[in-house]
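Guided by the hints, dock chain Y onto chain R, whose structure is given.
Sequence lines, in order, name chains R and Y.
Anchor point for the first sequence: position 62 equals 62 in my numbering, and the numbering is continuous, going up by one each time.
Heads up: take any position in the second sequence, counting from 1, add 1000, and you land on my numbering.
For the record, the hints were derived by calculation from the structure and aren't laboratory data.
All values reported here derive from a predicted model rather than from experimental measurement.
Backbone N, C-alpha and C fix where the C-beta goes; we use that ideal spot for every residue, glycine too.
Each hint should be verified, as a subset may be incorrect.
Said to hold, decoys possible - Once the Cα atoms are required to be at most 30 Å apart in a straight line, the calculated DSS-like pairs of lysine-lysine come out as:
id: 1; chain 1: Y; residue 1: K1355; chain 2: Y; residue 2: K1162
id: 2; chain 1: Y; residue 1: K1162; chain 2: Y; residue 2: K1185
id: 3; chain 1: Y; residue 1: K1185; chain 2: R; residue 2: K162
id: 4; chain 1: Y; residue 1: K1246; chain 2: Y; residue 2: K1355
id: 5; chain 1: R; residue 1: K355; chain 2: R; residue 2: K162
id: 6; chain 1: Y; residue 1: K1185; chain 2: Y; residue 2: K1087
id: 7; chain 1: Y; residue 1: K1043; chain 2: Y; residue 2: K1087
id: 8; chain 1: Y; residue 1: K1355; chain 2: R; residue 2: K185
id: 9; chain 1: R; residue 1: K355; chain 2: Y; residue 2: K1185
id: 10; chain 1: R; residue 1: K12; chain 2: R; residue 2: K43
id: 11; chain 1: R; residue 1: K246; chain 2: R; residue 2: K355
id: 12; chain 1: Y; residue 1: K1162; chain 2: R; residue 2: K185
id: 13; chain 1: Y; residue 1: K1185; chain 2: R; residue 2: K185
id: 14; chain 1: Y; residue 1: K1355; chain 2: Y; residue 2: K1185
id: 15; chain 1: R; residue 1: K162; chain 2: R; residue 2: K246
Unchecked claim - Just some of the chain Y residues that point at chain R, by a computed CB distance under 8 Å:
id: 16; residue: A1101
id: 17; residue: D1102
id: 18; residue: H1103
id: 19; residue: S1105
id: 20; residue: V1106
id: 21; residue: A1172
id: 22; residue: I1179
id: 23; residue: N1180
id: 24; residue: D1189
id: 25; residue: I1259
id: 26; residue: R1263
Protein chains: 2
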Amino acid sequence: MSFLSTIATSLKEHEADAALISFLPDIRWACGFTGSNGLLFVKQSTDGEGLEAHFITDGRYTVQAREEVAEATVHVPGYQLFPYLVKEGFFADVESVLFQADHVSVAQRDTWAGQTEGVAWIGAQEVLTRAVAQKTEQEIERIRAAQLITEEVFSFLLQRIKPGVTEREVAAQIMYQHINRGADKLSFDPIVAAGPRGALPHARPTDRPIAPGELVVIDMGCFLNGYASDMTRTIAVGEPGEEARKVYDTVCRAQEAAIDAARAGISSDTLDAVARDVIEEAGYGDYFSHGLGHGVGLQVHEWPRLSYHVSYPLPASAAVTIEPGIYLPDRFGVRIEDIVVLRNRGCVNLTTAPKNLIVIDA
Amino acid sequence: MSFLSTIATSLKEHEADAALISFLPDIRWACGFTGSNGLLFVKQSTDGEGLEAHFITDGRYTVQAREEVAEATVHVPGYQLFPYLVKEGFFADVESVLFQADHVSVAQRDTWAGQTEGVAWIGAQEVLTRAVAQKTEQEIERIRAAQLITEEVFSFLLQRIKPGVTEREVAAQIMYQHINRGADKLSFDPIVAAGPRGALPHARPTDRPIAPGELVVIDMGCFLNGYASDMTRTIAVGEPGEEARKVYDTVCRAQEAAIDAARAGISSDTLDAVARDVIEEAGYGDYFSHGLGHGVGLQVHEWPRLSYHVSYPLPASAAVTIEPGIYLPDRFGVRIEDIVVLRNRGCVNLTTAPKNLIVIDA
Chain R
1 MSFLSTIATS LKEHEADAAL ISFLPDIRWA CGFTGSNGLL FVKQSTDGEG LEAHFITDGR
61 YTVQAREEVA EATVHVPGYQ LFPYLVKEGF FADVESVLFQ ADHVSVAQRD TWAGQTEGVA
121 WIGAQEVLTR AVAQKTEQEI ERIRAAQLIT EEVFSFLLQR IKPGVTEREV AAQIMYQHIN
181 RGADKLSFDP IVAAGPRGAL PHARPTDRPI APGELVVIDM GCFLNGYASD MTRTIAVGEP
241 GEEARKVYDT VCRAQEAAID AARAGISSDT LDAVARDVIE EAGYGDYFSH GLGHGVGLQV
301 HEWPRLSYHV SYPLPASAAV TIEPGIYLPD RFGVRIEDIV VLRNRGCVNL TTAPKNLIVI
361 DA
Chain Y
1001 MSFLSTIATS LKEHEADAAL ISFLPDIRWA CGFTGSNGLL FVKQSTDGEG LEAHFITDGR
1061 YTVQAREEVA EATVHVPGYQ LFPYLVKEGF FADVESVLFQ ADHVSVAQRD TWAGQTEGVA
1121 WIGAQEVLTR AVAQKTEQEI ERIRAAQLIT EEVFSFLLQR IKPGVTEREV AAQIMYQHIN
1181 RGADKLSFDP IVAAGPRGAL PHARPTDRPI APGELVVIDM GCFLNGYASD MTRTIAVGEP
1241 GEEARKVYDT VCRAQEAAID AARAGISSDT LDAVARDVIE EAGYGDYFSH GLGHGVGLQV
1301 HEWPRLSYHV SYPLPASAAV TIEPGIYLPD RFGVRIEDIV VLRNRGCVNL TTAPKNLIVI
1361 DA
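Excised from the complex, chain R in its bound form (with noise of 0.2 Å):
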C-alpha cells in the first residue's frame, strides 16, 4: 500500500487540501530517501486525478535523492527548502496543508506560515505512525539482521566478561564489536550495569569493576540499513545466590507468558498485565517500574507503547520489544528482552540468542 493512500485518508479527515511530511523516518519510511534533510510535499495531482507527491533536499543528496526516491517526483533547490516551495507555486492553490504537529516546532510553523499568508496550517499528530508500525516482510528481515549482529557480540561478550572487567570496558567492547561487524551505528548508549548498579533500570556505564556472584543487565542494539536491533539479557558472573536466581526465574517466565500472548489486536495494558501478573504472584510487583516494551523499527522507540498506560489494540505486523524487569533497590537487577513481530494468531521472536541464566565461572 503506497504512503499516498494513508495521507489520502489524514487529507480527508482533517479537511486539508495538500500535507507537508517533515519527521525524517517518516520520510524516509515513505519514500525511501536515507540522507538528513528533506520534505515530502504531497498535494492534488494537477490533473485533479489523485494526490502527486514532491521530494525537495538539497545539493548534497543530488545523486542520493535520485537513487533512492521513488513515488515521488525528486527536486534539488540548493539549501532553502521551503522558499523553493513557494517561489515554484506549490502553495498557490492550497487553502491548508496538514503538518505533523508532534514533530514541528511551533518556530517551524511559524516561519512556515509566515512564508504561505492566506494558507491554513494544520497540525494532526501521528500522521503515519500506525501505517510506519505495520512492517512488510522486507522491513522485518532487516531487524532480524540488525538483532542478528547484536546476538554476535552478545556471544562475544560472554567470552570476555569476567571479575574485574569494568561496566565500561563492556560498553566500549559492545560499541566496537557493532560497528566492526558491520552496523550502521549503535541505536543508543549501552547499558552495562552490574550488582547493585543493575537495579536502575537506565544505568549509564561507568568505571565499577564487576565482581563475584554479580548478576549484569546488558541493554544493547544497532542500526543496519536503517533498522534498528534492541536487545536485554542479564547474566550472573559467579554463582548469583538463591533470591537472584529466583528474580530471574520470574522475570523469564513472566516474559515467556507475554509472547505466548503476545498478538495483533491485543489490547497494550492486556499484554502488559500478562507479565506484571507472573512478577505480582512472584511478590515483586512493586519492582517492576516500567511498561513491557515498544515498537521498534527505522526508530529504537516508536509506536505503539506497550503498557498499563495504554489500552489501544496492538497493530498485526508491528515488530514490538518484550522486556519485563525486576529491580532492587541497592541489591541487584534483572531484564529480559527480545523482539517479536505481532502475528493474529500469536507472535514471531527474532531474537535467538538463550533466555536460561548463564553463569560465567568466576
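Showing chain Y alone in chain R's frame:
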C-alpha cells in the same frame, strides 16, 4: 550571573509573567540537572521580590535531582510533570507564560495550553541561547578535558592506521577508545573518509580499505561531564602527491588565518571570509562547501554559527570550532578543525594535536 536574570530580561521583553524551560541542555545549564526528564518553571516569587525557580522531575531522579539542582526548588511528583504544576496551582496567578518556541512541538504547546485555560502561551526563540554561549572557566575546562580524550584517541589511531585497514575498523576503534578512556558517550558518529570518500564532508564509514597514497579525513568527538569535544584531522597514508600537499597546505593556512583573526566581537561572516579568502586565492574557492564552524558546549552543535550566511558579532567566552575544508569531487578532501575560546583580544586554542601533514609509512 544567575540564569534568573537572563529569564527576567526575556520576561520583560515579551511581557510574560512566567517561563517554562523544557529544552534539557538549557535546563542543565540553568540548574545543573543531568537527567533525561524535567521541566524548569520560573515565576514571580510569592513575596513579590524577584523570580523563583521550580524544577520538576520524575521518581527515577529523586536522589539525583536533590544532589544536582541549585537555584531551584526541587519537586518529584511522579511521571506527570506538567499536570503536577497545574494541580499545585502554579498557574493560578499567572496570565502569560513564555515557552521555548524553537524546542517545543506544536502538539506539546497545545497540550499545555489545553490544561491551562485563560493562560496565554507566548513562544520565544533563543531564550537562553546567548547566555549559554558564554562559557565559564569551569565549562571551558570541561570542554578541554573532553578534547584531551579525543586527542589521545587521535595519537592512538596514528599507531593503528595503515594500508588495508578499513574506514569501519578505524571508526569502531574511535568509539572503543573514547569510551574506554572515560568519555560518557560519542558526541556524533565518527567520520572516517579515505581517498575519494574524503570529498564528501559528511561521509559515513564504509568497508573500504585505506589504500597507499590516500588522504584520510577523521572527524570525531565525545561528551565528558556533559561537555562536547569535536576535532578533525586529515592524515596521509603513504606519500599523497603534489596537489594533495598543496590542498592540505591551503586548508592549514586558511585555518590558521581564521584562528589569528578570531576574537570576541568579530562578525560571523567576517571571520568565515578570512578563511575563505585564503582558499579562494589558492584557486579552490568552489570547493569549500560549508561554513567555518559552530559553537560547542552542552551540545556539540550550538549557537553561534560561523558562516557567510550570518552576520552577528561573536560573543566573548564562546567556544567555537574553526574547521575549513576543501573537497575535490571523486578525488580527495581535507578538513582541519580545532576548538577555540573567543576573548576580547584574540582566542585561546583548546586543541593541541599537531597540524603539520602527518604521513604514515605505507
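Identify every previously stated hint that the structure contradicts and give their numbers, smallest first. 6, 25 and 26
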